[in-house]
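Going down the list, the sequences are from chains Z and W. Position 213, counted from 1, in the first sequence is what our numbering calls 213; the numbers after and before it change by one each time, with no gaps. Position 144, counted from 1, in the second sequence is what our numbering calls 144; the numbers after and before it change by one each time, with no gaps.
I should point out that these hints are in silico values taken from the structure, not numbers from a laboratory. All residues carry an ideal CB built from backbone N, CA and C; glycine is no exception. One or more of the hints may lead you astray.
Across the chosen pairs, the derived CB separations fall in these ranges [as the list claims (entries may be wrong)]: (1) G64(W) to Y7(Z): 30 to 40 angstroms; (2) Q294(W) to Y176(Z): 30 to 40 angstroms; (3) E234(W) to N44(Z): 40 to 50 angstroms; (4) D113(W) to K16(Z): 36 to 46 angstroms; (5) Q294(W) to Y7(Z): 51 to 61 angstroms; (6) Q367(Z) to G273(W): 29 to 39 angstroms; (7) L80(Z) to G64(W): 55 to 65 angstroms; (8) E234(W) to E310(Z): 45 to 55 angstroms; (9) N121(W) to I359(Z): 48 to 58 angstroms; (10) G152(W) to A366(Z): 54 to 64 angstroms; (11) D87(W) to L80(Z): 35 to 45 angstroms; (12) D48(W) to P161(Z): 53 to 63 angstroms; (13) K76(Z) to Q294(W): 49 to 59 angstroms; (14) Y7(Z) to E234(W): 17 to 27 angstroms.
Taking lysine-lysine pairs in the DSS-like style, the calculated list, with each CA pair at most 25 angstroms apart, reads [as the list claims (entries may be wrong)]: (15) K51(W) to K31(W); (16) K320(Z) to K296(Z); (17) K85(Z) to K23(Z); (18) K225(Z) to K181(Z); (19) K166(Z) to K166(W); (20) K16(W) to K166(W); (21) K225(Z) to K201(W); (22) K298(Z) to K337(W); (23) K379(W) to K296(W); (24) K225(Z) to K52(W); (25) K225(W) to K201(Z); (26) K16(Z) to K85(Z); (27) K21(W) to K31(W); (28) K30(W) to K166(W); (29) K166(W) to K201(Z); (30) K337(W) to K298(W); (31) K166(Z) to K70(Z); (32) K339(Z) to K298(Z); (33) K201(W) to K70(W); (34) K16(Z) to K42(W); (35) K42(W) to K70(W).
Going by beta-carbon spacing under 10 angstroms, a handful of chain W positions derived as facing chain Z [said to hold, decoys possible]: (36) P127; (37) L128; (38) P206; (39) Q208; (40) E222.
Protein chains: 2
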Amino acid sequence: MNNFEFYNPTQIVFGKGQIEKLKDLIPTDKKILMIFGGGSIKNNGVYDQVKKSLMDHTLFEFGGIESNPKYETAIKAIELARAEKIDYLLAVGGGSVIDATKFISAAINFDGDAWDIPSKNATFENPLPFGTVLTLPATGSEMNCFSVMSKGSDKLGFGNPSLFPKFSILDPQVTYTLSEKQLGNGLVDAFVHTTEQYLTKDVNTPLQDRIAEGILQTLVEEADKVIHIKEDYESRANFMWSATMALNGLIGSGVVHDWATHMIGHELTALHGIDHGRSLAVVLPSLLRELKEQKKVKLLQFAQRVWGIEGGTPDERIEKAIVCMEDFFNKVGVPTKLKVYKITEDDLPTIVSALRSHIPANLGEAQNIDQDMVLRILKRAL
Amino acid sequence: MNNFEFYNPTQIVFGKGQIEKLKDLIPTDKKILMIFGGGSIKNNGVYDQVKKSLMDHTLFEFGGIESNPKYETAIKAIELARAEKIDYLLAVGGGSVIDATKFISAAINFDGDAWDIPSKNATFENPLPFGTVLTLPATGSEMNCFSVMSKGSDKLGFGNPSLFPKFSILDPQVTYTLSEKQLGNGLVDAFVHTTEQYLTKDVNTPLQDRIAEGILQTLVEEADKVIHIKEDYESRANFMWSATMALNGLIGSGVVHDWATHMIGHELTALHGIDHGRSLAVVLPSLLRELKEQKKVKLLQFAQRVWGIEGGTPDERIEKAIVCMEDFFNKVGVPTKLKVYKITEDDLPTIVSALRSHIPANLGEAQNIDQDMVLRILKRAL
């Protein structure tokens, strides 16, 4: 096991009817800015639940955070928050709203160009405290201190231990109104967060492995009910908790990390507008095939424990496991090939060079994924 | 899944050579009281490592915390801490030292009889911040906010969210000097912490179940190396992290809890001086046999997933699983019968009535373990 530090002070409030606890989670003397997205929370009742619980608080609103949240939109929220002397933020939405809220928290007391925070890892002081009401299980942003923001065709991540949510309310019932596409994307996102921290070099971490496998197995087992039954509380609850656990630092403690699938996927999103979860489903199978020798020990364990594959040569078992994973992605409505998005071989060099401009170093757990390998991975995914 | 709240702000610093980070984990302006046990840390080098890292801090010392830490000893530490205007505590030891430190933290600014905190659940204010350097993987106290203290033949637990350690340093190398008995007790303690939160009524928690099973499997797999190889870093690391994860709130989130084995075990410790881990190994097999119908779903899952038991009737599989568990306890040197401790049927009524005096209500996940059932459980364990 590698040395590690684990720290996660976010208070999770999980279950039916928990949004009403908001009033007790935020001190009454705070001036709150509630941040949300395109307004779906006004249709599914979440907006009303939040307003009702906070009726005795001072509450301002900022709607309109988009998927792959934009710097320019967040800046408008910062201007409002500064003008109104806001001292607490409340994200009500999915990963995009929460990521934007983290950026707003970090940038509000930052002098200079706030884009330096993601682009130059600039230090910031006095971030605003914030909580979240999660509406879309997927990114894990509700229980970590990381954020990804977009500006033009740049999509950049940043993080800081001061950016953990103070609390996150997870009521599985709020997922009943999500579309099949949103649910499918969320299942894949949580799955790939897990593989980025599990399908890597084995450094003798049996407990972390079993937790990762537990998340993957739970996602696979619950997916059918999640996608096809609208109001099945139990499967939504198990999905929601699995997605949070996939990226709260726990399964990443003491293990080797990869994250190349995410880095390549970010470029597909930035250049071709492919949803985040969908970009991962395209990249991961090809990346695993490209690196199957390097990842052999864990891929064989993945084949056996997650998919129950026993017979055949090691290569056959690994290929079977990757096909099982592709079938799983497809079954939840998420394609695994670039052609679905009308991306051809001619488009690939632009993707590779955009990635190189954002991350000059090689990618992956062994820092051996260079431009040529990225191109090979993308070609496999055509 | 049941509604739950999860909150755990302890910073874990895990791995080789991490004790030297102490100097950065405690602000330099703090007056620290270092609290430890019988002096084993002076023989195994931990004392010197702590002193070296904190050479620029103001450091006082209080040694002599015993197993099943006594109220009277903790009071002496409180007197010293008050006299020296201590404002930070550092526990260096196992669960007993950490539990005593939590009591000292809670009681130092408490007016009146400090025993009211465990015995009457009295509220306290301004607990002192504290960190820990763990030397014995077992209790999980290094990453939770609970403590158990003893006074006379009373052994009582208490807890409060203000009593999480600020940090805990877990260096598996410090376990190299532990005795086989200490290691065996620790393995059993971590195992039973897990079963108290896992072998209970099924409320559809597949991820929590798999994490619990992952802890149990890891303890079983690593035990042989832990007990028989003195300096095997990897098995000690996996044991240490499993013991912490067994009682940090995570596997207990959203599930049904039992804890009757602990409550009965505490009386065996208080009245007959049986080590905590050893008391659990005596009670748990008999308790599971007594309640096998009520716990059937989880016991069958335990049989299959933890012990690989497939054939036979449900009753046969459950009995096989309990025998496997007893064999495991015995293999790590921990007996499963009261006769080893020369406790006979004549001693049982006193144990039952002592338990009743401490906890008048029925015990267990279904609150159906009354005095008669406690007696039957203990008779099975003779």
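Results of checking the hints against the structure:
Between G64(W) and Y7(Z) the CB atoms are about 32 angstroms apart, so this pair conforms to the stated range of 30 to 40 angstroms. At about 33 angstroms, the beta-carbon gap between Q294(W) and Y176(Z) stays in the expected band of 30 to 40 angstroms. Checked against the hint of 40 to 50 angstroms, the C-beta distance between E234(W) and N44(Z) comes to roughly 48 angstroms, which is consistent with it. Evaluation of the 36 to 46 angstroms hint for D113(W) and K16(Z) yields a pass: the beta carbon distance comes to about 41 angstroms.
Distance hint check for Q294(W) and Y7(Z): the Cβ-Cβ separation is about 39 angstroms, which falls outside the suggested range of 51 to 61 angstroms. Checked against the hint of 29 to 39 angstroms, the C-beta distance between Q367(Z) and G273(W) comes to roughly 56 angstroms, which is inconsistent with it. Between L80(Z) and G64(W) the C-beta distance comes to about 59 angstroms, which sits within the given range of 55 to 65 angstroms. E234(W) and E310(Z) have their C-beta atoms about 27 angstroms apart, which leaves the hinted 45 to 55 angstroms range violated.
A beta carbon spacing of about 54 angstroms between N121(W) and I359(Z) agrees with the range 48 to 58 angstroms that was offered as a hint. Taking the beta carbon of each, G152(W) and A366(Z) are about 60 angstroms apart, inside 54 to 64 angstroms as hinted. For D87(W) paired with L80(Z), a C-beta distance near 41 angstroms keeps the hint of 35 to 45 angstroms intact. Taken as a hint, the range 53 to 63 angstroms is violated for the pair D48(W) and P161(Z), whose Cβ atoms sit roughly 30 angstroms apart.
A hinted range of 49 to 59 angstroms holds for the C-beta pair K76(Z) and Q294(W), which are about 58 angstroms apart. Separated by about 24 angstroms at the C-beta atoms, Y7(Z) and E234(W) satisfy the suggested range of 17 to 27 angstroms. About 14 angstroms separates the Cα atoms of K51(W) and K31(W), which keeps this hinted pair within 25 angstroms; it holds. The suggested pairing of K320(Z) with K296(Z) holds, with an alpha-carbon distance near 13 angstroms, which does not exceed 25 angstroms.
Between the alpha carbons of K85(Z) and K23(Z) the distance comes to roughly 20 angstroms, so the proposed pair stays at or under 25 angstroms and holds. Under the criterion of a C-alpha separation no larger than 25 angstroms, the hint pairing K225(Z) with K181(Z) is consistent with the structure, at around 14 angstroms. Among the hinted pairs, K166(Z) with K166(W) is consistent with the structure: their alpha-carbon atoms are about 16 angstroms apart, no more than 25 angstroms. Taken as a hint, the K16(W) and K166(W) pair is honoured in the structure, with Cα atoms around 20 angstroms apart against an allowance of 25 angstroms.
The straight-line distance between the Cα atoms of K225(Z) and K201(W) is roughly 23 angstroms, inside the 25 angstroms bound, and the hint therefore holds. The suggested pairing of K298(Z) with K337(W) is violated, with an alpha-carbon distance near 41 angstroms, which exceeds 25 angstroms. Between K379(W) and K296(W) the CA atoms are separated by roughly 22 angstroms; this keeps the pair inside 25 angstroms, and the hint holds. As the CA atoms of K225(Z) and K52(W) are separated by approximately 57 angstroms, the hinted pair breaks the 25 angstroms bound.
Between K225(W) and K201(Z) the alpha-carbon distance is near 23 angstroms, which keeps this suggested pair within the 25 angstroms criterion. Restraint check for K16(Z) and K85(Z): not satisfied, since their Cα atoms lie roughly 33 angstroms apart, outside the 25 angstroms limit. Between K21(W) and K31(W), the direct Cα distance comes to roughly 17 angstroms. Compliance with the 25 angstroms bound is thereby established for this hinted pair. Annotation: proposed proximity of K30(W) to K166(W) holds, straight-line Cα distance about 14 angstroms (limit 25 angstroms).
Taking the CA atoms of K166(W) and K201(Z), the gap is about 32 angstroms. The hint is violated against a cut of 25 angstroms. Between K337(W) and K298(W), the direct Cα distance comes to roughly 24 angstroms. Compliance with the 25 angstroms bound is thereby established for this hinted pair. Simply put, K166(Z) and K70(Z) have alpha-carbon atoms about 23 angstroms apart, close enough for the 25 angstroms limit, and the pair holds. Pair hint K339(Z) plus K298(Z) does not hold up; C-alpha atoms about 29 angstroms apart against a cutoff of 25 angstroms.
Simply put, K201(W) and K70(W) have alpha-carbon atoms about 35 angstroms apart, too far for the 25 angstroms limit, and the pair is violated. A distance of roughly 52 angstroms separates the Cα atoms of K16(Z) and K42(W); the hinted pair therefore is violated under the 25 angstroms criterion. About 22 angstroms separates the Cα atoms of K42(W) and K70(W), which keeps this hinted pair within 25 angstroms; it holds. The interface hint given for P127(W) is broken, as the beta carbon of that residue sits about 17 angstroms from the closest beta carbon of chain Z, more than 10 angstroms.
The interface hint given for L128(W) is broken, as the beta carbon of that residue sits about 19 angstroms from the closest beta carbon of chain Z, more than 10 angstroms. The beta carbon of P206(W) comes within 5 angstroms of a beta carbon in chain Z, closer than 10 angstroms, and the hint placing it at the interface holds. The restraint placing Q208(W) at the interface with chain Z holds, with a minimum CB-CB distance near 8 angstroms, inside the 10 angstroms limit. Hint status for E222(W) relative to chain Z: holds, with the closest Cβ pair at about 8 angstroms, below 10 angstroms.
When the structure is compared with the earlier hints, violations turn up for hints 5, 6, 8, 12, 22, 24, 26, 29, 32, 33, 34, 36 and 37 and for no others.
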